[in-house]
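Colleague: Spelled out from the first residue to the last, the chains are:
There are 2 protein chains.
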Amino acid sequence: MDIYQLGEFGLIDEIKKKFPCKNDSSLIGIGDDAGVINFRGKDTVVSSDMLIEGVHFDLTYFPIKHLGYKSVIVNLSDIYSMNAIPSQIILNIAVSSKFRSDTILEFYEGVKIACDEYNIDLLGGDTSSSISGMTISCTALGSIEEKKIVRRNGAKANDVICVSGDLGRSYVGLRILQREKSNFIKDPKNQPNLEKYKNIIEKQLRPKARGDIIDHFLKNDVIPNSMIDISDGLSSDLMHLSDSSNLGFKIFEEKLPISNDVMTTAKELEIDYLSSVLNGGEEYELLFSLSPEDFKKIENESLIPIGFFTKNSNKILVNNDGSEDELKSFGWKHFS
Amino acid sequence: MDIYQLGEFGLIDEIKKKFPCKNDSSLIGIGDDAGVINFRGKDTVVSSDMLIEGVHFDLTYFPIKHLGYKSVIVNLSDIYSMNAIPSQIILNIAVSSKFRSDTILEFYEGVKIACDEYNIDLLGGDTSSSISGMTISCTALGSIEEKKIVRRNGAKANDVICVSGDLGRSYVGLRILQREKSNFIKDPKNQPNLEKYKNIIEKQLRPKARGDIIDHFLKNDVIPNSMIDISDGLSSDLMHLSDSSNLGFKIFEEKLPISNDVMTTAKELEIDYLSSVLNGGEEYELLFSLSPEDFKKIENESLIPIGFFTKNSNKILVNNDGSEDELKSFGWKHFS
Numbered sequence: 068m069d070i071y072q073l074g075e076f077g078l079i080d081e082i083k084k085k086f087p088c089k090n091d092s093s094l095i096g097i098g099d100d101a102g103v104i105n106f107r108g109k110d111t112v113v114s115s116d117m118l119i120e121g122v123h124f125d126l127t128y129f130p131i132k133h134l135g136y137k138s139v140i141v142n143l144s145d146i147y148s149m150n151a152i153p154s155q156i157i158l159n160i161a162v163s164s165k166f167r168s169d170t171i172l173e174f175y176e177g178v179k180i181a182c183d184e185y186n187i188d189l190l191g192g193d194t195s196s197s198i199s200g201m202t203i204s205c206t207a208l209g210s211i212e213e214k215k216i217v218r219r220n221g222a223k224a225n226d227v228i229c230v231s232g233d234l235g236r237s238y239v240g241l242r243i244l245q246r247e248k249s250n251f252i253k254d255p256k257n258q259p260n261l262e263k264y265k266n267i268i269e270k271q272l273r274p275k276a277r278g279d280i281i282d283h284f285l286k287n288d289v290i291p292n293s294m295i296d297i298s299d300g301l302s303s304d305l306m307h308l309s310d311s312s313n314l315g316f317k318i319f320e321e322k323l324p325i326s327n328d329v330m331t332t333a334k335e336l337e338i339d340y341l342s343s344v345l346n347g348g349e350e351y352e353l354l355f356s357l358s359p360e361d362f363k364k365i366e367n368e369s370l371i372p373i374g375f376f377t378k379n380s381n382k383i384l385v386n387n388d389g390s391e392d393e394l395k396s397f398g399w400k401h402f403s
Numbered sequence: 068m069d070i071y072q073l074g075e076f077g078l079i080d081e082i083k084k085k086f087p088c089k090n091d092s093s094l095i096g097i098g099d100d101a102g103v104i105n106f107r108g109k110d111t112v113v114s115s116d117m118l119i120e121g122v123h124f125d126l127t128y129f130p131i132k133h134l135g136y137k138s139v140i141v142n143l144s145d146i147y148s149m150n151a152i153p154s155q156i157i158l159n160i161a162v163s164s165k166f167r168s169d170t171i172l173e174f175y176e177g178v179k180i181a182c183d184e185y186n187i188d189l190l191g192g193d194t195s196s197s198i199s200g201m202t203i204s205c206t207a208l209g210s211i212e213e214k215k216i217v218r219r220n221g222a223k224a225n226d227v228i229c230v231s232g233d234l235g236r237s238y239v240g241l242r243i244l245q246r247e248k249s250n251f252i253k254d255p256k257n258q259p260n261l262e263k264y265k266n267i268i269e270k271q272l273r274p275k276a277r278g279d280i281i282d283h284f285l286k287n288d289v290i291p292n293s294m295i296d297i298s299d300g301l302s303s304d305l306m307h308l309s310d311s312s313n314l315g316f317k318i319f320e321e322k323l324p325i326s327n328d329v330m331t332t333a334k335e336l337e338i339d340y341l342s343s344v345l346n347g348g349e350e351y352e353l354l355f356s357l358s359p360e361d362f363k364k365i366e367n368e369s370l371i372p373i374g375f376f377t378k379n380s381n382k383i384l385v386n387n388d389g390s391e392d393e394l395k396s397f398g399w400k401h402f403s
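Keeping their order, the protein sequence lines are chains A and B. Everything in the first sequence is counted per my numbering, starting at 68 for the first residue and increasing by one. Everything in the second sequence is counted per my numbering, starting at 68 for the first residue and increasing by one.
By construction, these hints were calculated from the structure, which means they are not laboratory data. The structure presented is a predicted model; accordingly, all values stated were derived computationally and were not measured. Ideal Cβ placement from N, Cα and C applies to all residues, glycine included. It cannot be assumed that every hint is accurate.
Unchecked claim - For each label pair, taking beta carbons as the anchor points, the in silico distance ranges come out as:
| no. | chain 1 | residue 1 | chain 2 | residue 2 | range |
| --- | --- | --- | --- | --- | --- |
| 1 | A | D169 | B | S380 | 43 to 53 Å |
| 2 | B | S342 | A | D169 | 47 to 57 Å |
| 3 | B | G121 | A | D169 | 41 to 51 Å |
| 4 | B | N260 | A | D91 | 53 to 63 Å |
| 5 | B | K395 | A | P130 | 52 to 62 Å |
| 6 | A | P324 | B | T127 | 45 to 55 Å |
| 7 | A | S163 | B | E360 | 32 to 42 Å |
| 8 | B | G121 | A | N287 | 36 to 46 Å |
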């Protein structure tokens, strides 16, 4: 059945059935003009992102269920990076007439998996037609006690800079998917065998939002001094922290968490693995800074120290041979 | 300067400067991963809409500043229709490379005018590139005491059904704009003279969100039993109220508020004025129901009674000659 047969209201009914509210804070969900939430005295945290076919994703190699999943994750990650707990989303999508309604419902299957994993309620949204392609706009809401909010601008000199996981897989995974697409276009007999790239492609198609890190902070009563999620790339996002906080930093190549997959696949692709690690976007790992005391207090394998903030404004990468480079941001600036 | 020269971060800086927060409830605005709001014990109300070039608007006759304005209004209207007061928006836009950065800033000029008029803070959003055309996704947040929330499903039999203003102008105005566009395409010497249609076109290009009605309710301590804003059309939205509330209704043609402009312009366009009034969308008037006692208590010229809800499920339009028709929804279903 195509989307025109099911109709907007039919589609909304289907979606509504799949998404009963599970959070006490969700007072009114899908089906009215607006959703209503009671955060019981906490602050409301809200973030929104847009994903556009042909710009942010390519449905020829991005399974639509994964896209639904990732659309949610991207926004939850922004809420976590304020040290808050997400609990609701609002999802707007626009699709052209070429989309079948079961494709849309598959998209929502992915949305549902993410919502279930992270205990999120879908509160509503807008379903619309587009001239061509698919556009997704997701808004996530969460809550936090005011004194626990973590911003980009709170880093202190000597803070330990940490990331929550290894870097580079998402970008290298994307490059593999693009290569396989172009091989397939050249000759449709070239069926991709992606088994050996499973680990890196998974990071691109099915990233995690690191709520476990926020739980770890809350459980141990530690509040980072600054935090951001890595969506543009380590360099670019670290500069957001240092610039907002009027600090410099020193990070160490030898400390950067890089999986073997990234090394070998970068070599195969003839791209620089270090650049993939420094400038690859869509990681959705958390990048944060802790006082040395707090770091010691809650140290574990998910808090990977890569350097520290400095009073002077130099942005230094210390290479494995001991030489130093001024780090530059190449980030994923969508307009450059 | 085109958008690629200014860059995403340059654009965000420009926007940030124009939108300092003015509400006490806005704790963190543009510039971090998420906005943070403190509604001080009230409930959070949230709504989101998407507007797509070629589907919801046509930039050949829709001035971009008005588009910025209307993008905000559409969402504020949804918050008001819950009987809540909007205070923040998050705005995502995607534009193709053909857009100049001053065009985008003009769009934000319109956003700013709406924000200033309605005392709204822009808390952030995503600025992205698109393959073609412009897509806008706006999320509005507001607040309300839980016991004052008004839903679609609370209407009672014998409630007086009211609208907040005259109907039909938005649709007829759209038809005039479309006619002038097609005349211009046929012969570019056909410069449109829209002066005589000013009143109807204004409703299409620069609708109001009826916060004044909510103020009137609050000031007089009256809570409507049901409410919705007319975005799909009177018929369609009235059916949302009656279906959610398991009621029927009787409305009277002679009570429908119709301006002379709509009558004369519909005649000129050879379209049915009554159908424009019943089925024309994008009105952003509030449609609500009050107990007869409450209606009497707060009656004024902005509360226009058009009929009442009934226990039986018949949906009746009483024509001027006394005959009755079953009302059908033709609404603006985007997929039909």
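Colleague: Starting from the range 36 to 46 Å, see whether the pair G121 of chain B and N287 of chain A falls in it by beta-carbon distance.
Modeller: Distance hint for G121 of chain B, N287 of chain A is violated at roughly 52 Å.
Colleague: Range hint 53 to 63 Å: satisfied by the CB atoms of N260 of chain B and D91 of chain A?
Modeller: For D91 of chain A against N260 of chain B, whose Cβ atoms are near 58 Å apart, the range 53 to 63 Å holds.
Colleague: Does the beta carbon distance between G121 of chain B and D169 of chain A stay inside 41 to 51 Å, or does it fall outside?
Modeller: Given about 25 Å between the Cβ atoms, the range is violated.
Colleague: Does the Cβ distance between D169 of chain A and S380 of chain B fall inside 43 to 53 Å?
Modeller: 33 Å, violated
Colleague: Measuring from beta carbon to beta carbon, are S342 of chain B and D169 of chain A in 47 to 57 Å?
Modeller: Taking Cβ atoms as reference, S342 of chain B and D169 of chain A lie about 35 Å apart, which means the hint is violated.
Colleague: Given a hint of 32 to 42 Å, does the C-beta separation of S163 of chain A and E360 of chain B actually sit inside it?
Modeller: 50 Å, violated
Colleague: Could you say whether the range 52 to 62 Å given as a hint is met by the Cβ separation of K395 of chain B and P130 of chain A?
Modeller: At roughly 41 Å between Cβ atoms, P130 of chain A and K395 of chain B fall outside 52 to 62 Å, so the hint is violated.
Colleague: Within 45 to 55 Å or not, the Cβ separation of P324 of chain A and T127 of chain B?
Modeller: This hint holds: roughly 52 Å between Cβ atoms.
Figure legend: structure checked against the earlier numbered hints; hints not met, in rising order: 1, 2, 3, 5, 7, 8.
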